[in-house]
Structure formats: C-alpha cells, structure tokens
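Engineer: For chain A, the structure is supplied; the task is to place chains B, C and D on it using the hints.
Spelled out, the chains give:
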Amino acid sequence: MKLFEYQAKETFRKFGIETPAGVLIKNAEELSDAMAKTSFPIVLKSQLLMGGRGKKGLIRLVSDEAQARKECGELFDSEYNVRKILVEQAVDIKTELYLSITVDPVEAKHMIIACGDGGVEIETLAVESPERIIREYVDPDRGLMPFQIKNVGFSLGLEGDLLKKFSAVLANLYKAFVSSDAELIEINPLFITGDGNIIAGDGKLSIDDNSDFRQPSYGKTRDYYDSDAEYEASLEGIPYLQFDGDISLMCAGAGLTTTVYDLINYEGGTVANYLEFGGPNYKKAVRAMELCLKNDSKVILVVTFGTIARADVMAEGIVDAISRLKPDRPIVTCIRGTNEEDASRILKEAGLVPLYDTEEAVRKAVAIAKGEKP
Amino acid sequence: MKLFEYQAKETFRKFGIETPAGVLIKNAEELSDAMAKTSFPIVLKSQLLMGGRGKKGLIRLVSDEAQARKECGELFDSEYNVRKILVEQAVDIKTELYLSITVDPVEAKHMIIACGDGGVEIETLAVESPERIIREYVDPDRGLMPFQIKNVGFSLGLEGDLLKKFSAVLANLYKAFVSSDAELIEINPLFITGDGNIIAGDGKLSIDDNSDFRQPSYGKTRDYYDSDAEYEASLEGIPYLQFDGDISLMCAGAGLTTTVYDLINYEGGTVANYLEFGGPNYKKAVRAMELCLKNDSKVILVVTFGTIARADVMAEGIVDAISRLKPDRPIVTCIRGTNEEDASRILKEAGLVPLYDTEEAVRKAVAIAKGEKP
Amino acid sequence: MSIFIDETTKVLIQGITGKEGSFWTNHMIGCGTNVVAGVTPGKEGQQVEGRDVYHSVRRAVDKVEVEASMLFVPPRFTKDAVFEALDGGIKKIVTVADGIPLHDAVQIRKAAMSEGAMVIGGNTSGVISPGRAMMGFFPYWIERVYKQGRIGVMTRSGSLTNEVTAMVVKAGFGVSSLIGIGGDPVPGTRFAEMLPLYEADDQTDAVVIIGELGGTMEEECAEMKGLGIFTKPLVAFLGGRTAPEGKRMGHAGAIVSGGKGSVKDKIKAIESVGGKVAERPRFVGDYLKELLGDRVR
Amino acid sequence: MSIFIDETTKVLIQGITGKEGSFWTNHMIGCGTNVVAGVTPGKEGQQVEGRDVYHSVRRAVDKVEVEASMLFVPPRFTKDAVFEALDGGIKKIVTVADGIPLHDAVQIRKAAMSEGAMVIGGNTSGVISPGRAMMGFFPYWIERVYKQGRIGVMTRSGSLTNEVTAMVVKAGFGVSSLIGIGGDPVPGTRFAEMLPLYEADDQTDAVVIIGELGGTMEEECAEMKGLGIFTKPLVAFLGGRTAPEGKRMGHAGAIVSGGKGSVKDKIKAIESVGGKVAERPRFVGDYLKELLGDRVR
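Chains as they are written, first to last, in my numbering: chain A, -10 to 363; chain B, -10 to 363; chain C, 9 to 305; chain D, 9 to 305.
With the rest of the complex left out, here is chain A (with noise of 0.2 Å):
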C-alpha cells in the first residue's frame, strides 16, 4: 500500500527524522489556520499518489496570505482528486539529495539507493547515469552496520557534521524500513539547507500489503484511488483497474488476466476494466460483476483456468451473478480447469454458450463489443 507524502513524513519524523514544519488541510477555510502556523514563502503540496506532481502544477511556492488563498482554491478545484493539501513552511535549500531503502530480489539484501542529484527522478537517471547512483546492499539478518552508513555518506561527498547528520538519517530511515515492513521507502529531495541541517523534503513509503497483519492499519480511504470502482474493489480484495474501453474483464489468476488484456489488445478490442477474481476470491462473482457493471461497457467477458479455483464453482458463482444481478449486457465464458465438465453443464443450463478456447472467447466478446449479436 502507497501512503501519502504526509504520511510519510509523519513516518520519518516518528523516527527521528526532520521534515519541514507544515499543517495538512482537507479544505480551503483551513489554510487560515495552517498560515498562521507557517510563515512565508510556504508550498502548498496536494496529497495525490501519482508521481510528477511538481510538473503537473500540483504543488506551488507562495510567498503572501492572497495568493496562498487563490492557489489553495486552484488545487482543491483540480481535475485530479485532491482531498489534502500539506502547507509547508520553504526551506532554504543548498542542495538536494536522493536517498531510499528498498530490497534486491536477487542478492536477497535490502538496497540503500542514494544519490547527489536530489530531487530527479530515480529510475531515469538509473538509465541515464547510472555511474552517479550510489547502492549500498545490507544483510536483512544484521541489518545496517555503522561502516556502510559512513561509505553512503563519504560517497555523496559528505564529511564532519553533515556526516553525521546524514548518518543519522541514514540509520533512522533503515530503522523505518524494516519496522515499517516497507516495499519502498525514499526521501527526495533530502535538503541540505543553508544552515547545515539535514531535512526530508518530500516522502514516499510504500507498505507491503502481505505484512498488514503486523503494521498499523491505514485504513481504506477512497483518498488512495483514483476512482470509486477501484476503491469498492480495494475493499473486497479484488485486483482491480479502471480503464474506458468496451469489455469488462472478470478473469481468474494474475498472469491469465494480463494475457487476456494483451489479446484484446491484438484483436482490436478495448478494455473497460482489468477485474481478477481468482485465488482467494473466486466465490466473489457477484460482487465482481456488480463491479463490472458500473462500466460503461459493452460485455462482460470470463475466463478462468483454474486449479484450487475450481471451474465447477466458479460456473456457478457466474450463475448464480446474472440470476441476481440481470446483466445488461451479453457475457462471454471460458471457464475451464477442475471439474471442467460440471462447469460446461452449469453454465448450458443457465443459456449460456461455454468456450474453451481462450482466443475464441477473446475474438467472441471483440466482436459482440464491436456490435455483433451474441
């Protein structure tokens, strides 16, 4: 799970690690209050998951209470779906660097990533100039010991009391990570400011969903989607994407989904929605219509190859959907795997046409969405 900026921050600061003084506000009338505990110049940051907000104009530097108020207004009255804004106090910046905690599937460590160019975007300048990242690799069953905190630091080029500083830092973010049971954590930019300080500019974490049973909950806010459907789907652990194409997949198993969305790609076809239902939810087919049909699409298409997720059941749960929910719109099925046979007979009883080929079914509901009868 993706936390906010804010939350991020409240993170480091939890653990010992500086951020800008700021007040989070959920609306205009509470900029008033923020202000007064800020002084000017302040940047007013909106709270959105997606990346390049500073280039999308999400995030701006005010310098008086006018034109913090006109601006406010701007970001809450956005196309994007801004419901927080952090009023922060400017920092006076020397320079920036870049510094995150994530893990190498390969080494089987956790990777320090960290960098003098602050504030770029990491993955890019890993393409462009690879030379200038800088990787320290702990071992997850020592942690991380004093002497690769000082080679991070000697690398950027930090001595005496920045040095210290920053290994401090260094050390309070690892802490972070591993408490946090972080996918990702990152500062960037991390100020070095004129005075000498040491200051997380901005703040990602990222919490791996399978360690929710030991972290603290976040909650599941509609604030973390981008739409409603994706949120209604978040809450019923079904994977689920929105796109504004014509056919609604509800598929089965991670790898089969993305192959269907791939062949509808390569017959022409548009995708209303990615919906995978399988695994630990493949009794869910009503609620995974009722999500597919909040789409403008115009068919619903099944596939399933499963094991565990036996087809038999899965037939019926598609059944047992339409007899509930009447569908407007025609459903194409191909459900195959354990008791197969079973699901045929189920799903012919219920006046559908089962498929088992997964082209065929994709070619079928490509040319049902370009408007041939079903």
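The reader is advised that the hints may include incorrect statements.
As the list claims (entries may be wrong) - Within a straight-line C-alpha distance of at most 30 Å, the following computed DSBU-like cross-link-like pairs (lysine-lysine) qualify:
1. LYS27/C / LYS99/C
2. LYS27/C / LYS273/A
3. LYS272/C / LYS359/A
Worth flagging that the hints you see were computed from the coordinates, not collected in a lab.
Structural biologist: For chains B, C and D alone, coordinates are given in the frame of chain A:
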C-alpha cells in the same frame, strides 16, 4: 560480572518471566515486613554468589514465624558473607526443569541448554548423563526462531498449554540474554507448579564485563566480593585473588601470572595473593603493592615480560612504590621486555637485585618465604 | 531423476494434518510422490494417509530419511517453517503460501542461498513431473495440461500455466518437469537458477518460460543462455506486452518502472540469444514444433 | 610464504592515524611488513609513514590491492571494523583490541566462518614471522625472543609468550610464525584452525602451543593430531596446572567448571596423541631438542 539471585530475578520479571512472590531484606529486623507480604511456608534464601548454597544450609524452608526469626538470625550471623536474604513464598512444585543460555565459542552461536532434571548441577550432569541434556544452537544474527523454541519444548516432553507457557519463558529468557550482554543466564530450577504455571525458582545472570558501556551499571559494591582486598582491587580494575600463603604475586600478564603461581607451587611455596597489573594497569605499581602489603605475606614477587608494558616503566613504578610505601618485606624482581636494560639500571640504583630468569626468581622468593635471608 | 523431484524423492509434508495439507497429501501420493512423513506441532503419533506425523522437522528427520519438504503453512509462519526445514538439513523446499511478508521472503531467499538449498515459492502451485511426482497442488488428472513428455516448463503464474501448457500438449508435446517459482516479488528461487538443472536433465529437450512484465528474471535466463550455460531450445511466453506503464497488473512483482522490466526489454534479451518469444499462448506450441522438428516428444 | 603473513603480504591498517596505529605502523614497516595503505574515516588524503590514508576500506581496496587488514580500533567499534574488512573482501584480519564485547565476538567469529575468512584476536599482540613481517605489536627487536627460525608458536597469552619463546630460543631454536589468537573467551580463530597452515608450511618443523586452563582449544588440537591432519611434533605449555577450580585465573576464557577445561584433561588429550606437555617454560626447549634431534633449527 556475576549478579545475585535477586538481581537475576529482577531481570526475569522485567522480561516477563514469573518468579515467586518475594521480599529482599538486609537485616533480621526487616523480616517482619517481609513476612507480612508473604504467607507461610516461606523460603529464606541467602544472597551469595557461590554455588551449592542449599548444601551449605544457606537456603531454609520455614513454616512459621518463630522458626523464620530463628533461622534468619542464624543466616545473617553465619560464617559466610550474608548481607541480603531473599524471603520468598514457597511454591507448589510439581516438576523442575533446567534452562540456560550461554555462548558456544566453537560454533559462534548462542546455546540454549535445557534438561528435564531441574535443580541438578548441569556440569555434573554433563559428565554423568550427557544424553539427558538438550542443546539448541541459535544463530546470533537471526535470533531465536519459534521452531527452535518448540524443539526444546518437545524435547522436554511438554505439550499443550504448558508448551505455550514454556515457549513464552524461553523467548523472554533469550531476549534477556541478548539485551543484557549476558555470558550466562540460567533458571535452575524452573518450576512447573501444581496449577500448571511456570516459575523461575532460582536465577543466575552473569554480564560480560566488556559490555559495561552499553549495560546499566550494577555498581561494584563489597557484596560481590569474598574479601575486602578483592573488592578494593576490583575498584582499581586489577585482577586479584586472595589466598592464605606466604608469597604475594605482583606480576604482569594473565598467563605469566598464572604460570608463576604454578611454579611457586612446584617449588613448595605458597601464594598469598594472585595479582596481575599488566596491560592497561602497568602504571599502577603503587596501588598493586599496597594491596600486597595488606596480606601477611613474607615476600613480594614481581615477574614481568612486557611489550607495551615497558620494563623501564615497570621498574620505575616498583621503585616509586617502595619509596612511598616503605614495604616491611623483601621484594624479588624479574622485570624483562621492552627497554629491559634501563629497567635493570633503575632497579640496581634503588638497591634491588634484578633477576632475569623466572624460575630463579620463584626459587628465590620461596627460599625467602621459608626463612632464607634476602 | 527429473528436475527437482521424481518418484523416488523422499518428501516430508509440513502442516500435513491441516485441511489443505491432508487433502493434497492424498493427491501427491496419487500422483506418485514418495511422501515419507509429515509434521504438525502437537500432533505426533497421528497418521495421515498412513504416514507418521511428528511434532517437528528435527524429530521427523531423526526417524526418517528426508530429501525434500512441502510446506502447507500459513504465510505468516512460512519463514519459521522454511528455517526449520533448512535446520533439518533439507535442501529442497516448496512453499505454496500466498501472502508471505516481503521482508520474510528476503530472509528466506537469503537463508536458502547461504545454506545451498533451493526454496520454490511462495505463491505458487509448486512443482510437478507429470506421471511421476508432484509437490504442490496441480490438477494432474487433466491430461490436456499435465501430460508426461519432454518439455520443461517454468512459470510465475497459476492459471496462465494451465493455459500455456495446454497449448504445449495440444501441439503434441508433454511436460518433463514443471516448476512454479511463484508470483511474489522475491521468490525463493529464480528462473535462471533452474536452467542448469534443465540443461543437465536428459528427460528435457526444451524449456518454456511463462513470464510476465516486471523484474529481471527473464533477462537473467537470456544471460544464462548467452553464456552457454543453457544450450537447449528456449521459448518464452510473456504476459503484459500491452500493459500500461506504472500500473500494477499481474502479480505483485509485475510492475514496470523507469523502462526496466518491460516486456519489450525481455523480448529483446531473449531473442538476442536465439530464444523465441511467443505473442500468444498458442504460438508456444508452434515454436516448439519449429525448434524441435520431428524429435521424439 | 610463512603462516598467515610474510614480507609480500599486502597489509591495510584500519585506524592508522591513531596514536597506537601510527606508532605500530612504523614498527610493522620496520619489521618488514608490506603496509600498502591505511583507513581512518574523515582522514582521506593524509599519509602515515608514506602510506595513503582512505576514508573507508571500500575506498582503499578500490585503489590498492589488499590481502590482510590490521585493526587498531577501540573494542566497541571492532565488530563494525571487522565487518567492514570482510565486506572489502579481505580474508585475513588481525584485531588487537582488548575488551571486545562477548556478543560482538560471537558475531565476528560467525561472520568470519561464513565468509571463509580468518580473524585473529581480539586481545592479542597479533601475528609475527620474525625477520619477515608482523601484524600487531611485538618487541621484535628483542632477539632472545623474536629470533627467526623453524618453530611455529601459537598462544593465548602476551607476556607468557615472551617467557616461553625465550626458552625456545635459548634452546637454540628460532620462530617461524607466531600467532597470538588472543585471551578472549571467543577468539576469532582457534588453535586447531591454524594447525593445517603449520602442517603445510615448509618453514615450520614443529609447533609449540602456549595454552592455559579453560575452554577446549588444546583438546581440539589433540584431536587434529589424532586424526592425522597435523603430523609435526607438538609441544604444549599450559598455565594454570595448580589453579583452584572455579576461580577465574588467567584470561576471561580461563575458568574450569564441572571438570571441563582442566589442565589435567588437556595434558591427557595431548599426550594421548603423542604430543608433549612441558611442566615449566624451560622444558619446552628440552622437548623440542628431544623431538627434533639435530635437525636444522
């Protein structure tokens, strides 16, 4: 540093391991208050660092107030250095276990030792019935894993609720071991009570002296030492052991001092004290000689063969100590190593006869102790 | 023997008395697997499918020779169970748990590497050599997917594996050993680490990789082939060719970022060393025919 | 080369700018040691004895080839410094620090073992091959102790080593390589682990062990000799024969408990495999004469 039972039990409780209800008293007058807080039968446990307290009659089970007062008085007045008594509620014991953690220097792992025979001396059992001892090795980087706790528990024949409670005790004991930088942490016996609880009956905890800087200070008090001299020496950081023979050792280097101790015994002499002032203490000749002079020894034997502990500095220290303390007994010197020529000159100028061969020096000291003129 | 496991491999089942554990133990035996014992703490003395149950791995290996362990253990206890198996000296471990915490997965792989063991999974159906043995849960009774033959299959998926393998069988081939390394971001074993085993296996003529966008596992395979460590024909099917950048589509490990892990890169890497990449599952069968010609299937 | 180090071994000094570090760097060079560089965080750009100082081991090994590292680092930072040396790929490490926390020492030895490295110390004077090279601090200028020759010496002590080695020299022999494994309860390397190196060393005719009560290191040596892994003459001197049980006499590791670690046991073990145990330092020379006869000394 070895801690007293009551201190070990404080640590146990801090880490969530149950101990019998108890009150520590410093004199017989405090017994009334202790009895008010417990109920009979109670156990009076003399707080001494030596082993075999039970056999020496230093632990007494008493069943009424009169008996308690009588035995408590006896303990405080005993020939041993009883300065504190732990007054504990007696426990309804069903069975007793042994449980300890130490380090294994060969495997470089933490080693859990457990045994179904609580209360026995584990070293004796190791010789007599080694097959009864359960060992579990813990990787210090990974820490104790749940399956290892279960391994120990099942080997002890525990199941169900008792296994669960034991697992908590062992997990907590391991945390205490690591957090305390312990050389040894031991619960012996570990009681299983009639009502199915697990309680630490006795406790040993020995903290690594090299880890002082990161451990809470227990303070060096007279309580921990068998004699005043050993206590005083410990305050100086000088390794010192009290014996009752004729020759005071004032040597440098642990191995060499031990060897001189052996050689004196071979030559028919007896040792008044073992004293080692090498390493960082090599400039403490005055304090070392003061300690020696407190004994009824007949001669002081100085043997060194130093590298960083320079011979000339040693010799100067001895000469300085003599001029300050004016010792009432002869001093035999055998000071070698870095700058040994200077050392010889310094000793000769002070009227001493420098020797160069350890055995010769030992023979000389033994002869003096037996009455020969220096 | 085949890759990883065959009908002689002595297999222990950790979590054998659980619902899933006992159900699939029955099927593993049905598939030919040599299940020798099981472990469930607190259940020693019981039997499942005629196999003795022990309290712990250590107590099991004290009594019975064990070469591989199959874990039916909930994700949050998987790390402990894997470490227990490693502690018992077991060098082949399969864990099907879906939902292993990421940081646990890192430690699991780290431990396996440092102890020279191979952990397959999590989030996988496991390993199967059709007609001989399996560790995991495959509908081995569906002959149009799990037909014995001479094609090795490695996969990050579940349902997609059935889809692709059915095409392999439809083209007239069968499967020698199928290894599901799992869909997690940090699998215990990576594709490339299996290739030397397939290379050495005289029952495998070619290998099919069922991969997807994200990560670098397919690129690592290409590297192995480029270095000549793997020389047999290689055909890949990769899901997510048309996936939009930055969206998490597919498994948790399947995210394309900064141009790395894109299917385009993977195709380039594989084709540059003479491997084939099939655009559709069906084409996998076509490429195998092309590469193997009329060789015994 | 001799055991562990000779005049060609490329030695790095960690903590080179400190008082002890710079003083003994001068002497190590004086003894013949090939000191190639030094490390002190924050002091890169300086020189000590004409050798470049780097911020870190990694920066040093990037520039200079290094085979061994000598640590002049306070005990509480020793674990970090050893791990840093291991991280730099250095396989021979000597640490003289006296006062390394016990739990740190366990992790140091653990790390060395798992990375196939050898850590000598702590609480030792180090390693010397007289007339050729040393890592540590020995008064190598005292010829009646540090005379070059063909006897290997291993020791847990400092001053006692001078005492015993002087007797070896007095008897007409010299020292090939002297290894001080240190007096701590958990030394990085144990006696028995050095024996194969002495066995292979064509400059060593016999080995003298200077041990003491406590622990099982001398017994492990006897086992190596019993197994035929070490076949050269072995003479031991053991301090603490008459030490009372249960008292901590000698080094921290030197405590006899429950009949284990007594000098009596050690003597029995060594003699049972044909080794000699000298009751007095002087006898060590006598036994060497007896065992080596008129062999070149």
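Engineer: Hint by hint, note whether the structure agrees.
Structural biologist: Okay, the hints, checked on the actual structure:
| no. | hint | verdict |
| --- | --- | --- |
| 1 | LYS27/C / LYS99/C | holds (26 Å) |
| 2 | LYS27/C / LYS273/A | holds (21 Å) |
| 3 | LYS272/C / LYS359/A | holds (29 Å) |
Hint check: no violations occur; every hint is consistent with the structure.
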